[in-house]
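Colleague: Hey, can you work out the whole structure from these sequences and the hints?
Read top to bottom, the protein sequences are chains A and B.
Residues 85 to 419 (this note's numbering) make up the first sequence, in order.
Residues 85 to 419 (this note's numbering) make up the second sequence, in order.
Source of the hints: derived by calculation from the structure; they are not laboratory data.
One or more of the hints may lead you astray.
Any copy will do: because identical chains look the same in the list, a pair fits if it lies in one copy or spans two.
What the hints assert, rightly or not - Pairs of lysine-lysine residues, derived as BS3-like cross-links and limited to a Cα-Cα distance of at most 27 Å, are as follows: (1) LYS414 with LYS102; (2) LYS233 with LYS414; (3) LYS314 with LYS144; (4) LYS414 with LYS230; (5) LYS260 with LYS314; (6) LYS324 with LYS314; (7) LYS146 with LYS206.
All values reported here derive from a predicted model rather than from experimental measurement.
There are 2 protein chains.
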Amino acid sequence: MYIFTEEELRQHISLNHKALSVVEDGFTSLAEKRAVMPPIMRVDVHDHNGEVDVKTAYIKGKDKFAIKVSSGFFNNYQLGLPSGSGLMMLVSATTGVPEALLLDNGYLTDVRTAAAGAIASKYLAKKDIDTVGVIGCGSQGRYQVKALKLVRNFKQVLVYGRSQDRVQAYVKEMTKELGVEVLAAGSAKEAVIQSDLVITTTPASEPVIKAEWLHPGIHITAMGSDAEHKQELEAEVLAKADVLVCDTVAQCERMGELHHAVSQGVISQTKDIPEVGELTSKQAAGRQNDEQITVCDLTGTGVQDTAIALFAFQEMVNRGLGLKIENKTKGGVIV
Amino acid sequence: MYIFTEEELRQHISLNHKALSVVEDGFTSLAEKRAVMPPIMRVDVHDHNGEVDVKTAYIKGKDKFAIKVSSGFFNNYQLGLPSGSGLMMLVSATTGVPEALLLDNGYLTDVRTAAAGAIASKYLAKKDIDTVGVIGCGSQGRYQVKALKLVRNFKQVLVYGRSQDRVQAYVKEMTKELGVEVLAAGSAKEAVIQSDLVITTTPASEPVIKAEWLHPGIHITAMGSDAEHKQELEAEVLAKADVLVCDTVAQCERMGELHHAVSQGVISQTKDIPEVGELTSKQAAGRQNDEQITVCDLTGTGVQDTAIALFAFQEMVNRGLGLKIENKTKGGVIV
Numbered sequence: 085m086y087i088f089t090e091e092e093l094r095q096h097i098s099l100n101h102k103a104l105s106v107v108e109d110g111f112t113s114l115a116e117k118r119a120v121m122p123p124i125m126r127v128d129v130h131d132h133n134g135e136v137d138v139k140t141a142y143i144k145g146k147d148k149f150a151i152k153v154s155s156g157f158f159n160n161y162q163l164g165l166p167s168g169s170g171l172m173m174l175v176s177a178t179t180g181v182p183e184a185l186l187l188d189n190g191y192l193t194d195v196r197t198a199a200a201g202a203i204a205s206k207y208l209a210k211k212d213i214d215t216v217g218v219i220g221c222g223s224q225g226r227y228q229v230k231a232l233k234l235v236r237n238f239k240q241v242l243v244y245g246r247s248q249d250r251v252q253a254y255v256k257e258m259t260k261e262l263g264v265e266v267l268a269a270g271s272a273k274e275a276v277i278q279s280d281l282v283i284t285t286t287p288a289s290e291p292v293i294k295a296e297w298l299h300p301g302i303h304i305t306a307m308g309s310d311a312e313h314k315q316e317l318e319a320e321v322l323a324k325a326d327v328l329v330c331d332t333v334a335q336c337e338r339m340g341e342l343h344h345a346v347s348q349g350v351i352s353q354t355k356d357i358p359e360v361g362e363l364t365s366k367q368a369a370g371r372q373n374d375e376q377i378t379v380c381d382l383t384g385t386g387v388q389d390t391a392i393a394l395f396a397f398q399e400m401v402n403r404g405l406g407l408k409i410e411n412k413t414k415g416g417v418i419v
Numbered sequence: 085m086y087i088f089t090e091e092e093l094r095q096h097i098s099l100n101h102k103a104l105s106v107v108e109d110g111f112t113s114l115a116e117k118r119a120v121m122p123p124i125m126r127v128d129v130h131d132h133n134g135e136v137d138v139k140t141a142y143i144k145g146k147d148k149f150a151i152k153v154s155s156g157f158f159n160n161y162q163l164g165l166p167s168g169s170g171l172m173m174l175v176s177a178t179t180g181v182p183e184a185l186l187l188d189n190g191y192l193t194d195v196r197t198a199a200a201g202a203i204a205s206k207y208l209a210k211k212d213i214d215t216v217g218v219i220g221c222g223s224q225g226r227y228q229v230k231a232l233k234l235v236r237n238f239k240q241v242l243v244y245g246r247s248q249d250r251v252q253a254y255v256k257e258m259t260k261e262l263g264v265e266v267l268a269a270g271s272a273k274e275a276v277i278q279s280d281l282v283i284t285t286t287p288a289s290e291p292v293i294k295a296e297w298l299h300p301g302i303h304i305t306a307m308g309s310d311a312e313h314k315q316e317l318e319a320e321v322l323a324k325a326d327v328l329v330c331d332t333v334a335q336c337e338r339m340g341e342l343h344h345a346v347s348q349g350v351i352s353q354t355k356d357i358p359e360v361g362e363l364t365s366k367q368a369a370g371r372q373n374d375e376q377i378t379v380c381d382l383t384g385t386g387v388q389d390t391a392i393a394l395f396a397f398q399e400m401v402n403r404g405l406g407l408k409i410e411n412k413t414k415g416g417v418i419v
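Modeller: Below you can see the structure in the form of structure tokens.
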């Protein structure tokens, strides 16, 4: 049994082309029906304003698969702790024995979530873009743009957030990090109107983007909504899209932007909505021309977790890292 | 983050009155609606004849709750490995941070499953019993009888299994362990007819107990079925019971004995079936007289896992045991 700490994982696992590629393969396995992915398990801990999700997927042919536990406890700031934490474990696909624990406190989730955003943009955004709008200036507001840089060149980032301090910190940090101009937008509207590509990264429960702001050629990735009550896009945004894609239709219907579009009657048919894996496996077309409006609804999937955990495990083991614990079993020998 | 190995857990955590009591409290919390318990998550790994289940439950007022990963890979014997393995983790109920990993390879599941059987017998079996029938001579065939000894005195055990070698090993081992007479039964029928209390502990997918064998006063605990295709009791056994109890009706309807009784139309109404927690919390009566036939259908619940994991954690920490790993997080300090 290998154990890796957050510190080690942050040091050695980067958001790079290889990480993007393994997550892309994960989506492809889903579309090609090579993955077994049960619905997300969720435990609500209302008395402490928290929730814990468990995600998993077995990808056929892989020798291990991940089970991920991720928590969001929204009073943690009172204790000086981040709201998100959790870990991934890798279980042998041939024996069922747990083989590794990645004590990442959500870091690998940040990486695989940003990778999914970049993959969506790779297939759905215009080839040439100038300005990227970012709504929300937390960690995903950062990771998403870093990942995007792997698939698109852009000249400018317009960031919008409700806290001026956090926006200013973002501008300062990301100007340095990205090597492009990063500016504060005066409003979400301004960010949307002036951008070729917009990423929403908020925990909003009221829409932050209105359909009337959309313009030809825009692409929007909404990655914030992962629970029934969350919503970043007006339902009409989805209806107005020429191409609407979900990471998985089943999950987005349950807890993504699609959930609200369906419940408000703005979208009635969901069975023909393509999934990200259909883009990556070329079963569905992405953007066809520079005038289309494209929208991608991301809720986060178990195949991404298995893909990134396998990638991280291999990278760490190749470097000879990790703590190895011997855990003898009564019936045989499990190491 | 604390880590405990199977060896340490086996050494220090016993199937005793205290373990029974914490599991009983777990069931009570469920009946009193103080537990949040989502449906079981299941990953089927058909290409390797395996399955992984995830169970969890948050019990209000407890400072941690368990998420348990348990696997059954039925080709493992070819590798000299037990089919079952897995681990439990404890997550803080106030911050969502993982606090302990119990690398028990299924040991704590054995303990809490046997505890549930003993609790069922405590409320459902006659006070005075002579003979206990055990169908199946694997590890639960042993643990169940050891747990039963905490709640009932009995003079004899009749064990039935398909492998004569395994039956003989059981007889030898359990005679020593229990201090009562342990005999091999010639058939499942013989074991049922001659016993006051019968425990089925098999992975059978065809009934091993027929309704026509039942006699007044008998109690049966069926703990083997935990998947749609498994069945130990003829559907009519459930219909013939004067008192039928489930660990949870929702789970038993999906994958316990109840599942078959309902699908065969032998039982039509399930909403009035009491749960084990209603017995332990005195919301429902158990056995009323020595003539009743009682049956308990157990599928295994997340509250049992949280109860036993919290118990084990406390026992281990009290003894100063476990490996402590420091796992710094970027946003705060998680130890």
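Colleague: Is the C-alpha distance from LYS324 to LYS314 at most 27 Å within one copy, between copies, in both cases, or in neither?
Modeller: Within one copy, since 20 Å is at most 27 Å while 49 Å is not.
Colleague: Between LYS146 and LYS206, at a C-alpha cutoff of 27 Å, which is it: within one copy, between copies, both, or neither?
Modeller: within (26 Å within a copy, 46 Å between copies)
Colleague: 27 Å Cα cut-off: does LYS414 pair with LYS230 within a copy, between copies, both or neither?
Modeller: Only across copies: LYS414 and LYS230 sit 18 Å apart there, 48 Å inside one copy, limit 27 Å.
Colleague: From the Cα coordinates, with 27 Å as the cut-off, is the pair LYS414 and LYS102 best called within, between, both, or neither?
Modeller: Result: close only across copies, 24 Å inter versus 40 Å intra.
Colleague: Please work out whether the CA atoms of LYS314 and LYS144 approach to 27 Å or closer within one copy, between two copies, in both situations, or in neither?
Modeller: Answer is between; shortest inter-copy Cα gap is 25 Å, intra-copy 32 Å.
Colleague: When Cα atoms must be at most 27 Å apart, do LYS260 and LYS314 count as within-copy, between-copy, both, or neither?
Modeller: neither (32 Å within a copy, 60 Å between copies)
Colleague: 27 Å Cα cut-off: does LYS233 pair with LYS414 within a copy, between copies, both or neither?
Modeller: Intra 51 Å, inter 23 Å, cutoff 27 Å: inter-copy only.
The structure is inconsistent with hint 5 alone, although it conforms to all the rest.
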